[in-house]
Structure formats: structure tokens, C-alpha cells
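Student: The whole structure should be built from the sequences, with the hints applied where relevant.
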Amino acid sequence: MRKLAIVLVGLAALALVVGSPLPEPPRAAAELLINGAGATFPYPIYSKWFDEYAKVQPTLRFNYQSIGSGGGIRQITERTVDFGATDGPMTDEQLAKAPGELFHIPTVLGAVVATYNLPGNPSLRLTPDILADIFLGKIEKWNASRIQAANPGVALPGDPIIVVHRSDGSGTTYIFADYLAKVSHEWEQKVGRGTSVKWPVGLGGKGNEGVAGQIKSTPGALGYVELAYAIKNQLPVGAIRNQAGQFIVPTIESTTAAAAGAARNMPADFRVSLTNASGEKAYPIASFTWLLVYKEQTDEAKGKAVVNFLYWAATDGQKYAADLLYAPLPPQIAKQVEAKVGQLSFHGKPLLVAR
Amino acid sequence: MSRIAVRRATNAAMNILAALAALVVILPLVLILGFLIFRGSTALNVAFFVHLPTPVGEPGGGMANAITGSLTLIGLAAAGGVPLGILGGVYLAQSRDRRLPWLCRFLADVLNGVPSIVIGIFAYTLIVLPMRRFSALAGGVALGVIMLPIILRTTEELVRMVPASLQEAALALGLPQWKVVLHVVLPTARAGIITGVMVAVARIAGETAPLLFTAFGNRFWHRRLDEPIAALPLQIFSYAISPFDDWHRQAWAGALVLISLVLVMSLLARLATKGLYNRRGTYG
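First to last, the sequence lines map onto chains S and L. According to our numbering, the first sequence holds residues 778 to 1132 in order. According to our numbering, the second sequence holds residues 8 to 291 in order.
If you're looking for bench data, these hints aren't it; they were derived computationally from the structure. Don't take every hint at face value.
[What the hints assert, rightly or not] Distance ranges between label pairs, derived from CB positions:
| # | chain 1 | residue 1 | chain 2 | residue 2 | range |
| --- | --- | --- | --- | --- | --- |
| 1 | S | L809 | L | L232 | 11 to 21 Å |
| 2 | S | S1122 | L | P90 | 44 to 54 Å |
| 3 | S | K1096 | L | F56 | 29 to 39 Å |
| 4 | L | A247 | S | A1045 | 52 to 62 Å |
| 5 | S | D945 | L | V206 | 27 to 37 Å |
| 6 | S | P934 | L | R46 | 45 to 55 Å |
| 7 | S | L809 | L | R46 | 32 to 42 Å |
| 8 | L | D233 | S | P1127 | 42 to 52 Å |
| 9 | S | G946 | L | L118 | 19 to 29 Å |
| 10 | S | V978 | L | V206 | 39 to 49 Å |
| 11 | L | A247 | S | G1022 | 34 to 44 Å |
| 12 | S | P1044 | L | L91 | 20 to 30 Å |
| 13 | S | L809 | L | L30 | 49 to 59 Å |
| 14 | L | L274 | S | S1122 | 53 to 63 Å |
[Said to hold, decoys possible] Over the 12 Å line for every Cβ pair with chain S, so calculated as not near, a few chain L residues:
| # | residue |
| --- | --- |
| 15 | A16 |
| 16 | D116 |
| 17 | A171 |
| 18 | L178 |
| 19 | P235 |
Note that the structure is predicted; figures quoted are calculated from it, not measured. Here a beta-carbon is modelled for each residue, glycine too, at the ideal position from N, C-alpha and C.
Tutor: Have a look at this one:
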């Protein structure tokens, strides 16, 4: 009897000890927790931003969780989070399902690169049609005459090309497939666009890190990943011929250049594809990543915090992007974003304090 | 060779084989632990246990919030899952009715086989959507539901193993059934039940999928149970898929801490029950 009581009390005590949080450091009283969720791709820059922004606004805590673009769209639609994030713009159908008008606010740009594993890892030049035909399975060997013609002087092996793609749904796949659909009629007909598509050839890898890992360990492999993953894994990246006929190596600058060309014809809702962008220096497989916020905010304090943060991100925040291998917005677009942020409101009144 | 020598040789050979088999069984655990220590210990320091995460490239960040978060979630799950599971298990073993226990048992086994992400969606629909917010509470419920069938079924099995003679003796002395359960059945089955609870705790400690849409994760300390809360598996997941080396190191360290946490809890439970077991004598 007593022993049993001891055990039960012990169990209860264990649950309590385990269940109570450690004493917390003292903090200002009126702290606001703002939750956001969505794309995994911008997670590093967003966590950097929220950390830096906490130094500007110490009473705000922005909590961002990377649950994927699809999850971000779903959660902001359900209003379980204060803002969402996505790598691919929402469709009209998705927007219609949301209980309010949702704004897409571009934050930074990303590039999707073609990366490969060849002996000596030479710098390759790829034309859009070569890339499309490799992923369609029509070019099967590294020393195919068309690849060789685009890369005079590079010793290409006769090995088969092992195509690696994403096995999970992904904004990265959307950008890459969107690009191929723009440059190849056959791709558009046979495969099309989407966060996951029916790949004609190749092996699947989970996540950018999975694809990068497979390419690294498979001689003769070729795949697509976000620029940061290629750089951090020391993988070679292909220069891709853009609309202007230039072979462009993916870099922070050439990615930003892709958006600069689009600034003149930017639609008001920023839902625009930047792939195959015009411009001499534009890298052709680039995209915005967006934060999703309701135009009409339901909580004044939170709304104000989000709006001020968005303004800060489009201005002061941009300087942190390049260090983390994201391309900052071109200045023209940053200006457009500032104007858009000014339209966010609470009870019809703009939330952004004039500066 | 004499017969005795042949027997000795056979004996030695079988001994070696049996020892080898035992080694193979524990080898994966040793390899996992060793690899985790190899990869994770470089990022382990005091800061890891007391600081909040920092962005990429800033040194000194830790996972203190995720460690307390994981412990909180386990505590919440246990607060619901342990009493319910034990009481239910006793009912299943002791009930003289046939159909209801059969149905319960069947459903518990089905629940045990449900993928954890589905249970996450269940808690999401049940708690997150009506509350319009992610919360530690929702995470605790999801993990509690995962624990429940494990504890239920182990308790049932162990209560069944309590000798009927013991229970009959107690009944013959005039004890009502609830007293028999409380003072005879449960103490006798105690050691095994606690092992079952620890198995359930170990199972939920590493769950990631059901937490994604319930506990959600938090870069800061949680202050209330209706706020999102950090958890080690979530933190490990989002760091492991990032392109950055220092986050990878932190993810390894997080995994090492997580597995150590489970080991320490299991050890403590073993030690706690061992003393009781010895004093009890024959049964237990």
C-alpha cells in the first residue's frame, strides 16, 4: 500500500517536474508572440531577420516554422498563423478559398541551379534545350554531341547521365519545371508545371539536401537544387543560356538581375514567374519567395508588428540576404513592396506608420 | 577425440555463436550511439543546454527551449496517457464481459498501427482548428494518443500474469475488487507496467510528424501551454535539412541529447523499480 503510494506520487512528481518549464529569464511585460509558417527554403534568412528585428523591436517575438510551402498556404488560409510563407505563388483557386484578401509580399530571391558530378567537375555551359532534353530522357550520355558542342574543349565522359530530381512536393521543383515548360514545348505538353510532376526519367531524392547528397555520391549524376545547397556542398553549377543568349552562372547578382528585368511589368499582386527572365545578365531559373499576409488584419497590435517588420525586411533587412546566399530584391522592387505594405490595414486604416 | 572433448567443443562453439548473436542485437544501438557521440559531441557545450537558438553563422546558440519543450510535451502526454492506459489495461484484463474488451483490444491494436502523422492531423482537427492556434496542449494530446495503446496493452498483459490464486486469496479475505486491484494486482505488476510506460515515453520522445501541425515549434521559451512550443525532434528536423554546416552540427548534438534523454529516463525508471522488485520477493 505505502509502496504503491510512493510509486504513484513519484510518477506524478516526475510528470510535474518534467512538465514545468525552467525558470525563464526576466522579460518586458508586454511581449507579443507572432507565429508564421511555410516554405523551408527561406527559413535561414527568416530566422536571421527575426533575430535582428528583435534587436530593433525587443517586445516582439516572431516565431517562424518551416513546414513547407503547402503547409504555409493551408495554415494562413485556416488563420492558425499570423503570416504564411511560400516559394510558389498561390493559385486563384487557393486565393478564393481564403477567408480574406491575401497579399503576396516578396522578401528575397532564390535561384535553382543545375548541378552535377563529373570527373574533375568542369564548369559546364547548358542551353535550355539541352537541359529540357536531359530531363525528358532524350539526351542520355554525357558526351552527346549537343552537350559537347556547347562545351568545346571540355573532356566529357561517355557515361550515362543519371538524372536526380525531388521525390517530395517542392517549390524548387515548381520553379525548375516552370522554367522547362517555358523553354520547351515538349516539356509543357508531356510533363508541365507543378510542385511535384511526373518525371520521365531519373531518381528521386528527398529535399534539397537529399538531392545534393545523391549527386555528390553518384558519378555522372545531374540534378537541380537551390543555389545555397550547391555552394555549401561544393558542387559545380552549370551556366545556363538566358533569353538574351548569354551563358549566365548562377550567383546572387545574376539572380537579383532576373527580378530587375521584371520590375517594369510587375503585376500589382507580385504573383509573377521570374523564370526565363529577359535581361543581359539575368540568370534564367530564379524566383521570388513570398510572405503571405491578410490585407485586412484582425488584431491591431499584431497587424502593426507584421507591417512594420515587412517594411523593415524590404529595406534594412535586405543587407543580410547575400551572406546567407539569398539574392536581395532589386531596389525598384523593394520600393514597390514598400508601397504594397502600406496598403495593409486594420478596420480599413493603414497600419504602416508614415516615415 | 573423446566424446567429452566433442561435447566441450560443441558447447564452446554454441556459446560463441550465442554471444555473437547477442552482440549483433546490440550492435545497431552501439553504432548509432557511437556515431551520434562522434558527430554530436563537438557541438555540445554548456550554451547548448541553456541558450536559445541563434541564426546561421552566429556562435553560441543552443536548444534549451527545445529540451524543456520536449520534456514538457512528454509530461503532458504522460499526464493523460499513463493513468488512462493503466486503468484501461486493468479493465481489459479483469472484465468478465466478452464483447466490449474484445472491441477495445482490437481498436487499441489498430490505433497502435496508425501512422503518427495521422494522429497529428487528428489533434490538429480536434484542438488546433477550434482554438485557431498551435499549442503545447495539442502536441501533448497527439503524443498522449500515441502512448495510450502501448500502455493499455502492456498493462493488460502484465495484469493477466498476476496469479489468480493471489487475487482469490485477497478476495477470500473479504476485500472488495477495487482494493484487490489497488493493493494486490497493481503492485505485483508494477515493474512491468513501468517498463511499458518507459517504452511508450521512448516512442513519443522521438516523434516529429505529429508535432509539426500541433506543437508547431517555437524559437523562444514557451510561456503558456496554449502557445506553440519547441521540441527537439522538430528542431533537429529543420536544422538537418538546411544547407549550413553549423546547423548540421547542432542537429547532431540535438539528436545525441534526445537519445541520452530517453536512455537516462529508462535507466531512472529501471533503478526506481529495481529496489521495489527486490523487496517484493517472489512476485513482480
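Student: It remains to establish, for every hint, whether it holds in the given structure.
Tutor: Right, here's what the structure says about each hint:
no.: 1; hint: S/L809 / L/L232: 11 to 21 Å; result: holds, 18 Å
no.: 2; hint: S/S1122 / L/P90: 44 to 54 Å; result: holds, 49 Å
no.: 3; hint: S/K1096 / L/F56: 29 to 39 Å; result: holds, 33 Å
no.: 4; hint: L/A247 / S/A1045: 52 to 62 Å; result: violated, 39 Å
no.: 5; hint: S/D945 / L/V206: 27 to 37 Å; result: holds, 31 Å
no.: 6; hint: S/P934 / L/R46: 45 to 55 Å; result: violated, 34 Å
no.: 7; hint: S/L809 / L/R46: 32 to 42 Å; result: holds, 38 Å
no.: 8; hint: L/D233 / S/P1127: 42 to 52 Å; result: violated, 31 Å
no.: 9; hint: S/G946 / L/L118: 19 to 29 Å; result: holds, 28 Å
no.: 10; hint: S/V978 / L/V206: 39 to 49 Å; result: holds, 45 Å
no.: 11; hint: L/A247 / S/G1022: 34 to 44 Å; result: holds, 41 Å
no.: 12; hint: S/P1044 / L/L91: 20 to 30 Å; result: violated, 55 Å
no.: 13; hint: S/L809 / L/L30: 49 to 59 Å; result: holds, 56 Å
no.: 14; hint: L/L274 / S/S1122: 53 to 63 Å; result: holds, 57 Å
no.: 15; hint: A16; result: holds, 46 Å
no.: 16; hint: D116; result: holds, 25 Å
no.: 17; hint: A171; result: holds, 20 Å
no.: 18; hint: L178; result: holds, 17 Å
no.: 19; hint: P235; result: violated, 6 Å
Checked against the numbered hints given earlier, the structure breaks hints 4, 6, 8, 12, 19 and satisfies all the rest.
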